[in-house]
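Positions in the sequence shown are counted from 1; adding 129 to them yields the numbering used here.
Think of the hints as simulated: they come from the structure by calculation, not from any bench. Backbone N, C-alpha and C fix where the C-beta goes; we use that ideal spot for every residue, glycine too. A couple of the hints might just be wrong.
[As the list claims (entries may be wrong)] As a list, the in silico EDC-like pairs of lysine to aspartate or glutamate whose alpha-carbon atoms are at most 16 Å apart:
id : residue 1 : residue 2
1  : K190      : D495
2  : K451      : D465
3  : K368      : D206
4  : K431      : D495
5  : K398      : E515
6  : K476      : D495
7  : K290      : D300
8  : K476      : E528
9  : K257      : E327
10 : K257      : E329
11 : K390      : D206
12 : K283      : D404
13 : K290      : D404
14 : K283      : D313
[Claimed, not checked] What follows is a list of derived Cβ distance ranges for each label pair:
id : residue 1 : residue 2 : range
15 : K390      : K525      : 21 to 31 Å
16 : S173      : S307      : 35 to 45 Å
17 : S289      : N434      : 40 to 50 Å
18 : M309      : S512      : 22 to 32 Å
19 : K533      : N317      : 49 to 59 Å
20 : E327      : S173      : 40 to 50 Å
21 : L288      : V514      : 27 to 37 Å
22 : S207      : G237      : 49 to 59 Å
23 : K476      : D172      : 44 to 54 Å
24 : S289      : R529      : 41 to 51 Å
25 : K533      : F251      : 51 to 61 Å
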Amino acid sequence: MKKYAYLTLLIVLIISCKNTGNTPPTVANASNSALDSLTMALDSIVSNGPIIGLSAAILKKDTVLYNQGFGYANIVDSMAYTHQTIQNIGSISKTFIGIALLKAQELGKLQLDDPVNEYLPFQVSNPKYKSTSITLRQLATHTSSINDTDWYGKSYVMLSKEHSENTKVLDYFSGPESTMSMSDYLRNVLTPKGSMYEPETFANIRPGTLAEYTNIGATLAALAIEGATGMTFDAFTTKHILRPLNMLNSGWSNDAIDISKRAKSYVHKDTVIADYRLLTYPDGGMITSTRDLSLYLGELIKGYNGNGTLLSKEGYTELFTKQLSANQLGGEDDNDSNMGIFMDFGKYGVGHNGGDPGVLTFMYFDPQTSIGKILFINTDYDSNVEVIKSFFRTWKLLERYEQKLN
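Given the sequences, and given the hints that come with them, work out the whole structure.
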């Protein structure tokens, strides 16, 4: 399983060592020499390293300073990776759950401190603390006491059984015949009579006590949104997030996007990862481009500064309020590391990262400067440590150039 949290990526790092459509315009006074220099440096990283395809964006508030792709989205078809190439973005998707929760709250459909069971078609409780309700806020801050077990890997379902000899099928991938609804999957994992239930699914800690990253808990929050609003999660987020921001090339499944623009995911240049989807799609299945996600990040930055449009000022204040106490963080009183409503606070800024088979993504902004950055690659980092080294080398390069372009 490869849906890693912020701290896990840090551990790996320590060990290893044309403006189109509704895209905001590139800043006119950005230095052409700086733009050219950054482009040459990024091109060199991809041309001389293990990353197959890459796209990087830098923006100030809602104005794009730089957004360009490099390498290949599909080697066999000689398809270049551009800023309009789309791929799934892993756990950055969870930030959409956060926006959706707060939008549903503003619509009067739910409250963050409601027990999640008020909105579910089945009941979920920690069997060690049956009298303690699990709340939506706990799910949104990873303090629900729900754990991801090995069964989480079964949420990765291949789109087809037919594969070429150059296709990698990961050991934990399920076949197409294993498809089930998000609700059925969660019922099987989280209820005692479920076929994938294990005692380890719930930690031996009272809900609300300790922060422990959980993909299953995030997806449960999305299912609760469905129960509260009477809409599917993909329909609700399309209506209240994607369409208002003109993220027209983004969606939660191949049915919702132009698959001709979708990148393949690679182990290395000679091996592509089998096409897959997530039964728990809200926790990591958003498919988008750096072009579209720049619109979203620009909105988050505006929201942080009190002038966003998706949520009220109060909604954005809640989204970006640090929710966790020192005790919930494991006793470490770190003012820099914390959690909003599915929103990370850490050394890279405010935002989130994502990791899935053949995917690694960052989306963060600096709350002091309102400068944000996005980085996508379509190359697996779990099988080659050089990939993650190149990824962080690229991120540091963007950090160096952000002030030059501002």
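Against the structure, the hints:
no., hint, verdict
1, K190 - D495, "holds, 10 Å"
2, K451 - D465, "holds, 10 Å"
3, K368 - D206, "violated, 34 Å"
4, K431 - D495, "holds, 12 Å"
5, K398 - E515, "holds, 14 Å"
6, K476 - D495, "holds, 10 Å"
7, K290 - D300, "holds, 14 Å"
8, K476 - E528, "holds, 12 Å"
9, K257 - E327, "holds, 13 Å"
10, K257 - E329, "holds, 11 Å"
11, K390 - D206, "holds, 12 Å"
12, K283 - D404, "holds, 14 Å"
13, K290 - D404, "holds, 10 Å"
14, K283 - D313, "holds, 13 Å"
15, K390 - K525: 21 to 31 Å, "holds, 29 Å"
16, S173 - S307: 35 to 45 Å, "holds, 42 Å"
17, S289 - N434: 40 to 50 Å, "holds, 45 Å"
18, M309 - S512: 22 to 32 Å, "holds, 28 Å"
19, K533 - N317: 49 to 59 Å, "holds, 52 Å"
20, E327 - S173: 40 to 50 Å, "holds, 47 Å"
21, L288 - V514: 27 to 37 Å, "holds, 29 Å"
22, S207 - G237: 49 to 59 Å, "holds, 52 Å"
23, K476 - D172: 44 to 54 Å, "violated, 27 Å"
24, S289 - R529: 41 to 51 Å, "holds, 42 Å"
25, K533 - F251: 51 to 61 Å, "holds, 54 Å"
The structure fails hints 3, 23 (numbered hints given earlier, in ascending order).
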